[in-house]
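Peer 1: Each protein sequence line maps, in turn, to chains A and B. Those letters in the first sequence? Residues 1 to 921, per my numbering, in order. Those letters in the second sequence? Residues 1001 to 1399, per my numbering, in order.
I should point out that these hints are in silico values taken from the structure, not numbers from a laboratory. Hints are supplied without guarantee of correctness; some may be wrong.
Mimicking DMTMM-like on lysine to aspartate or glutamate, the simulated pairs with C-alpha atoms at most 20 Å apart in a straight line are [as the list claims (entries may be wrong)]:
id	chain 1	residue 1	chain 2	residue 2
1	B	K1261	A	E45
2	A	K528	A	D550
3	B	K1261	A	D843
4	B	K1261	A	D774
5	B	K1217	A	D266
6	B	K1260	A	D851
7	B	K1260	A	E45
8	A	K697	A	E734
9	B	K1024	A	D266
10	A	K171	A	D266
11	B	K1261	A	E734
12	B	K1260	B	E1193
Just so we're clear, the structure is a prediction, and the values are computed from it rather than from any experiment.
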Amino acid sequence: MRKTYLLSFCFLFFLQIVSAQQSSVKLISVNFQQATIAQFVNDIESKSNYHFYFDPVSFDSLKVTLQVNDKPLKSILDAVFKNTNFHYAITNQQQVFLTKGRQIKTDLAPGFIVTANTQAKQILAVADYTNDKDKKVADATTENKIYEIGIKTNSIKPGTATLSGYIRDIKSGEAIGGASIYVASTKSGVSTDQFGYFTLTLSRGRHILNIRGLGMRDTRRQIILFTDGKLNIEMQEQINSLKEVKISADKVVNVRSVELGVTRLDIKNIKQIPTAFGETDVLKVVLTLPGVTSVGEATTGFNVRGGSADENLILLDGATIYNPAHFFGFFAAFNPDIVKDIELYKSSIPEKFGGRLSSVLEITNREGNKKIFTGSAGIGLLTSRFNIEGPIVKDKTSFIFGARTTYSDWLLNLLPQAYKNSSASFNDANLDISHQINDKNNIYLSSYISNDKFRLNSDTTYAYSNKSIVLKWKHNFNTKLFSLISAGFDKYQYSISSTANPVNGYSLASNISQSNFKADFTYYLSNKHTINFGLSSILYHNNAGSFEPDGSRSLVIPQVLAQEQALESALYLGDKYDVTPNLSISAGVRFNIYNYLGPQTVDSYAPNLPKEPNNVLDSIAYQSGKIINTYAAPDIRLSARYLLNDDLSIKAGYNTLHQYLHLLTNSTSISPTDVYKLSDPNIKPEYGDQASLGIFKNAKANTIEMSVEVYYKRLRNYLDYKSGAELVLNQHIEQAVISDQGKAYGAEFLLKKTAGKLNGWISYTYSRTLLKQDDPAAGQFINGGSWYPASWDKPSAFNFTGNYKFTHRYSISLDIAYSTGRPITLPIAKYGYAGSERVFYSDRNEYRIPDYFRSDFSINIEGNHKVHQKTHNSWTVGVYNLTGRQNAYSTFFTEQGGVISGYKLSIFATPIPFINYNIRF
Amino acid sequence: MFMKANFKYSIYLVLLTTIVCCKKPYNPPAISSPGSYLVVEGAINSGSDQTTIRLSRTINLSSAVTLNPELHAIVAVQSDQNINFPLTETTNGYYVSGGLNLDNSHKYRLSIKTSNNEQYYSDYVPVLNSPPIDSVNFTITNNGINIYSNTHDATNNVKYYRWDFQETWIFHSNYDSGFYSNGDTVLARPANEQIYTCWGNDTSSTIIINSTAKLSKNVLIDNLLTSVPSTSIKLGSEYSILVRQYALTADAYTFWTNLKKNTEQLGSIFDAQPSQINGNIHSATNPLEPVIGYISVGTTSSQRIFIKNRQLPAWLPTPAYPNCQLDTELYVYYAPGAKTPVNQVNEFINYNKGAQFPLIPVSPISRPGSPPLGYTAAEPVCVDCTLRGTNIQPVFWKY
């Protein structure tokens, strides 16, 4: 319909132009019997000065039968077109437009021509607009339409104006974070925050916005920017039809963003990566990125650019997750059905984050569908999951709930008698609610709980649990300033209990909790400056350990370590400054203030002597709430990007970080039973700084991303442990630790193909992490005070993660990981000395365990491709550790009959097949 | 139904393979063929006491050998004035010298030339004489006794101390034997061959160190040396401990601290972070070659105390051999239903007359005034205390 209409215009304007001149209304007489439109028009034109414009095709069905005498044209046409779909319009210039379906207005709309009055009205409208209470923001859904932003003026004023709004999923109304808006004409761009909000300052006038979001279909909007205004953009989910090449998202971010060492991964990418037991694992995918390693399989922690595992801040929708893994590290504790994307900051850590040295891993959950109820369920070998989401109030309030549980207990019962006493269970649940109060205020509530209970072949039960709740309020003051205020509570606890021997029945427990408050502000000062500022405060309560009798017959003497408390606060200010279209600088400062608080008893040690029991000078008891000591220090965050050309940029960064919370772990991998320690007068905060440089290149229409990044990092007061240090229930932990200095450097190469049937990435990292202990006051040198490799120093790491789509329904994924074996200290001989047999160790970390290699393979089978159906289902079948290589997980030595023998423990030492079924409704 | 069974089986397989077959022997090259490093133990006594140095070598971890002495080395104490004090080799890698009576104003080192012509030197070490031990005392706890030492250094030279000790105690065998067999016949036991009362001894096996570095006065009070549990045989009768005190430099103290921490927690090697021990002895040819040990120079001071059982609560020692029992062995014994008698004394006691695992006769079985019909007897471990100690009274022992 619309097409014919357009077509008729074409004909009207370009094919049938006739001209004439006549000013007075002429009376016409006609007599037609079944005349065609051509006969009718020719007749009238011959009798008058009117000129007709029409599309003959549209009128070929019209037959005119009419007889009138001395009537004006208007009456004639009224009579002809009465009760038909045809319309006419007569201009003052005696032009007649005949149209089908719609009438042409020949006058300008009122107000089109500027008069003094309307000018005044517009000024009023501007004033109205800034008050902007109930003004409806148009949803811009059409690519071809030109959206007029702000208060329309006849001529576009010079200068700039600010455009802001939300980008949402058209189907679910969910915010799309990290979507990029790129303005080709000015080479400028921004990306949305986690709430899908963006602000963009542009010169006034016409622009084309190119919008890309992860997993969303690329789109564009045409705007004419008159004054400051809003534009909400709805994007469609990427639904690939069979022959369509996958269009990737985030194409230009690689080159154009100011940040270095930042990786964002969509859950769809994550789901393609095969994992043990087929459970999608948001943490395992992090290990495939350059610069990220782990000390072994099935460990909770990961090491980023030479940092230890406790130097990563893991945030789930703003809540700190202390133990991000289930089942001692076999599975990530995040439900893949709820997670939207993850973002890892390795180098350019925004100034709003602090408190950890190495990285920030931000995990963002989806918002609930604001329009309809949907859900999904999955069944795997060991776990099943379920999630449901939907509107509470349509388009305003939505919820999303997800839960996972394991049913591995019954599996363990199938095992031989030796494993009969084993049990393992874990579960986790998320409930997130988002509510839009009005256009300027949004509230988000996120809550999370995870539980683990584990007993393998012994009477000792391990249990641990995370709990988090966070409430966020997002407020837009105006189009340039918005705030995000959040308050939350996070807790992690573990316990080990044994009642095997009722007399010795014990329960060893520890917990740490934090109450936090954060206020983040973003101010779009101009099109060149985006200012971030805010403050945060975290109050920690740390119960490092309690050892108490379990059972009425237990004779265990209770031992409880005093609770620690501390307040970690920060103020920050940052500016992203686009100096020229090619040069952007992001500079920020974060001022940290840390207070260690009473009640507490703190030992003081003789200066320049090792912190040994023998060197305790005094022990001071502090009252509740008293500030025992304060550490205050600024952190600097700098990064800059220079565009060499459209798809090549060079970036540099420098940052400094402080860490006040330390995880004490005697083993190389994190175990859930490790205890936390807050910095106190005897344990200084850890400090690190990092300089990095990178070259980023996109090729083949941005479908291939390449990057090379190098970094150099220094660490101070890095916490290391004295030989044989006792960390559990140690009242004087400072006597068990020493502070090292460290350095880490490396080069990371990444080649990523984001489009096509084959997509994925290859990364290679060469990196070293070295530590040194040469402080005489520490009491002991390690390796004679020379540099030695850290336990997670793995010089070479190679990863391949690829997915090949045969058809839209079948795809295969292959994952290959290789890394140098991690260093270990080996006992290499024994000898008699001072009355007993002693073991002689190699230099610390002098040897390495065998290199690590693993390959995984999976086939993903999607159900049919109808977009609209009640349920969508999919299968994943695969093999983990395809080659069955027996990678060493740990090595240990035990003495039996006077002979010390070495053993190597491997986990997942054979190919492990898995199958997974998912259903979405 | 088939599907279900198959499913079950695959899960079974998965867990079986993941959990069960994962522990494999691991013998990295460093362990299977390590170098054998020199171990030097002892101290140079600058006074009139004997200097004893023991040389040995480290042993392959998987070896069942426990001691690997370094024999036929040339060992000497050398002063920084190039004066040489040779040590003489005794047995088992021990090298000794009589009182060296060194000049305290000089520094000394140990020179070792092994039989394969490798030369080792310790660093030059100043003489640091131990102040006298003020006292050694003990306290009674619920579970036994704790033994402490007290010391002070009026000269303020010594801030770091090490102790070792030698324990000696009287103990008794389960049965007091008045007879013995010469192989052919049972005879009365002479008084000087008694095997009922013996002296056991032991040396310290942990490293005991302490320091006064943080104290305003150079005084150590109630420095715990060892604990003896109440059930120990050591406390069954009379107990004596000789405590020797060594003065250490700060450097030596660090060495001993590290050695203690690195090597006294064997058994929890799993993922622990031990560090190598660096002493003050080095190879002259290869500075990177590890040499274990630390040489200090100085006099030692010592003190001995005695603790009698009657000073302690009524504790019962756990016998070393609780299953001992006395058998009756007769010259003429008719087994039930047997026609001919058996000479049990020959069969079980007289080792030349048929006793394969001879028992030791304890007391006679006889009617008053007539020769014995036989003897009670028991296994040697129940009777002969010399199997666990010496029946020769130590010279220092006092009643």
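Peer 1: Please flag the earlier hints that this structure goes against, numbers listed from lowest up.
Peer 2: Of the numbered hints given earlier, those the structure breaks are 1, 2, 5, 6, 7, 8, 9, 12, listed in rising order.
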